Amino acid sequence: MSPPLLTIEGLTKAYPGVVANDDVSFDIKPGEVHALLGENGAGKSTLVKMIYGLVRPDSGRMTLHGRAYAPANPSDARAGGVAMVFQHFSLFDALDVAENVALGMENPPRMHDLAARIREVSETYGLPLDPARTLGELSAGERQRVEIVRCLLQDPRLLIMDEPTSVLTPQEVEILFETLRKLTREGVAILYISHKLEEIRALCDRATILRLGRNVGTCIPRDASAREMAEMMVGSAFAAPERAARETGDAALELTGLSLRSPNAFGASLKEITLAVRRGEILGIGGVAGNGQDELLAALSGEVRVAPGAVRLAGRPVGRLGPGARRRLGLLTAPEERLGHAAAPDMSLTENALLTGAERENLMRHGFLRWRRAEDFARRIIERFDVRTPGPQVAARALSGGNLQKFVIGREVLQRPEVLVVNQPTWGVDAAAAAAIRQALLDLAGSGTAVLCISQDLDELMEISDRFGALNEGRLSAIRPAKELNVEEIGLMMGGAHGMEVAHV
Amino acid sequence: MDLSSINPILLLASLMVAATPILLAALGELVSERAGVLNLGVEGMMITGAICGFAIAVETGSPVVGFAAAAAGGALLSLLFALLTQLALANQVASGLALTLFGLGLSALLGQSYVGIRPPATAKLDIPLLGDIPVLGPVLFSHDWMVYFGLALTLAVWAALKYSRAGLILRAVGENHDAAHALGYNVVGVRILAILFGGACAGLGGAYLSLVRVPQWTEGMTAGAGWIALALVVFASWKAGRVLLGAYLFGGVTVLQLNLQAAGVDIPVEYLSMSPYLITILVLVILSADRSRAPGSLGRIFHASR
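Here the protein sequences line up with chains Z and E, keeping their order. Each residue of the first sequence is one higher than the last, beginning at 1 in this note's numbering. Each residue of the second sequence is one higher than the last, beginning at 1001 in this note's numbering.
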């Protein structure tokens, strides 16, 4: 048995009001893929930031290559052979690929030589990249290649990857895994953070599980089931969503040839989208982030106006109507970004309930607000959706991600929509809250609402949707019954490997 | 009306002099904005530089020492802005406006005993041979050294931003401060240095007004030049070459319209006075129709979170 590459003993880090890591210990061996598992807020990010020198621990020790290791900044970490691929990319849109790579290196070679080395390494590992392209023009998958190539150029001994697959198609994930396996054969250790349990079972040799900042156990992912690992993460058993058999009715929402130029300079424009959602069904729309999801939601909510006939609600053209008018007709939406888009962060839950509920819940009279009714409505949401909060007077910002998400989804569900459109309904939400939100969507469809669920979480879409389509560069794939699809086919619908190849060596 | 009274050679020569103060101040602001800091205090730093440079030049008799003092004065005032916005995390717009008001008041106080004095003359670089070329000689090669310093600074800022490692880090900090922090760069440190550079350049620009262009000290003598410099940076799409173009265009039209006024052209004076602003903005707006955009983190407060 080889000695560990990195040993962590009793690492503790506290922030005002919260202990992010409490006495965490584990070790990583050379050539091992070690998974770090845990829910949002379990302390995974803080832990890897300490290893990468971005955050200094309050107490505890780390040993790298058998020597004491206490990086004061990321430069120290890089000098010790530690490289990191970030969850929220550490990239710069306005700079080109080579400049982005140079910024992540200790002693970058001259730009001309660097470009040649980027080409060489990216081709060796099957991650083709053009060093001269501006980063803002790249797809999410390509951006990740930039991050990985940046790390590979420094010959790392330990590669930290924070949720690397959340923006990849299944084909791209498979190729990434091949690259990682090749690296481990060269003796590189990989610390892999994810909450996609099936991926961890396919890739990782060992897993350390964190809950509320503590190390609550280790397991061999190949020998454990995804369910067992999920329960270790949550600390208790939770109910998986159930779907009742249900009847689907006529088309409630129809899109016909919907095209929309993206208002965002680096966004994807929608091209000729045609679909229909029937009453009582859930239509799942998958796809890698940045392929038109936000634009589709904006066109449906009424934030962006389109041709009148492009969006029809129960046969009635609504493309020119604004959000308020659409809500009155029963078309409700819940966007992806909780703080700032779905909810106003500094306003109370009552005020937030008013913001989308005013029309349908009759919370306004002659232009004046009916505070008591609004507060009752907010209370109903809090009770029905088990939102953990002291009361409706609390600011939206003060709620945890999962609780606020339950609130914004619940706010729309309780308005008995004819059609509900949600984007990333369980993004960054703990497993129990995610299960509750999915159950609510299933129940809503069961009561006859047409639900359009846009998500990047394929497991979620397979769990709840009746039919499935994927967005790729603003185009919608053919829509097919979800039960007939396997992962391979879904990946191809999402655009396949986008030019990625398996490592050549 | 007598257009023949306008001497085109003198006109072109004075264009470079008229453009230099705004060019210097705008270059400083460009660097600070590329680092993600919006400093609306350019006017205040300019006028502080104007009085510091004037006073020290008069006391020492040396314009060179005066310009150095102007740069130091502008940088010192900008340090106040740096402390407020980078360490106390104050709002950049409000702090910048306060800096302008403070600088105007402070300079009036400092300059009380310097009104009506003539400063020592700044040496002209009489370049032999080149200066003797007809037309080109007097237009291009017979200015004081600060004019050439402004040109050299434009080239230096452009090259440093484009080719140097420090320039790359500065652009990275301005583009996405969270990512730069995650990679281990000292966002606050880079920004403080950029703010100081901006302050020093604004101070030089101000001193050029009081020591060369006017040359005299009067209260509020920058008369909005700092605001022009600020606008120039935006309309020049944060590019050093376009700042130079904009400053020369502005300086040129300013000088031309003054000449036209003197020649008694039959256009209301108000239209002539507004023409430099209109023409400069128009040209730069047309130029900025390409895809260039503001630095991604411009004006946003950076706070290293967990």
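These are calculated hints, taken from the structure and not from any lab test. Keep in mind that this is a model prediction, so the values were computed, not measured. Hints are not guaranteed to be accurate.
[What the hints assert, rightly or not] Below, a list of computed lysine to aspartate or glutamate pairs in the EDC-like style, where the Cα atoms sit at most 20 angstroms apart: (1) E:Lys1162 - Z:Asp113; (2) Z:Lys196 - Z:Glu247; (3) Z:Lys29 - Z:Glu247; (4) E:Lys1162 - Z:Asp93; (5) Z:Lys182 - Z:Asp155; (6) Z:Lys483 - Z:Glu247; (7) Z:Lys29 - Z:Glu303; (8) Z:Lys271 - Z:Glu303; (9) Z:Lys196 - Z:Glu178; (10) Z:Lys196 - Z:Glu463; (11) E:Lys1162 - Z:Glu178; (12) E:Lys1239 - Z:Glu463; (13) E:Lys1239 - Z:Asp96; (14) Z:Lys196 - Z:Asp155; (15) Z:Lys29 - Z:Asp162.
Hint check:
1. E:Lys1162 - Z:Asp113: Satisfied, since the Cα-Cα distance of roughly 17 angstroms is no more than 20 angstroms.
2. Z:Lys196 - Z:Glu247: violated, 32 angstroms
3. Z:Lys29 - Z:Glu247: Given that 20 angstroms is the threshold and the Cα spacing comes to 54 angstroms, the pair is violated.
4. E:Lys1162 - Z:Asp93: holds, 16 angstroms
5. Z:Lys182 - Z:Asp155: holds, 13 angstroms
6. Z:Lys483 - Z:Glu247: holds, 16 angstroms
7. Z:Lys29 - Z:Glu303: violated, 51 angstroms
8. Z:Lys271 - Z:Glu303: holds, 18 angstroms
9. Z:Lys196 - Z:Glu178: Between Lys196 of chain Z and Glu178 of chain Z the Cα gap is close to 17 angstroms, so the pair holds against 20 angstroms.
10. Z:Lys196 - Z:Glu463: Distance ~14 angstroms between Lys196 of chain Z and Glu463 of chain Z Cα, so the pair holds.
11. E:Lys1162 - Z:Glu178: Roughly 37 angstroms separates the two Cα atoms, so the pair is violated.
12. E:Lys1239 - Z:Glu463: It is violated: about 52 angstroms lies between the C-alpha atoms, which goes past 20 angstroms.
13. E:Lys1239 - Z:Asp96: Cα-Cα ~17 angstroms, so holds.
14. Z:Lys196 - Z:Asp155: Since the Cα atoms of Lys196 of chain Z and Asp155 of chain Z sit roughly 27 angstroms apart, the hinted pair is violated (cutoff 20 angstroms).
15. Z:Lys29 - Z:Asp162: holds, 18 angstroms
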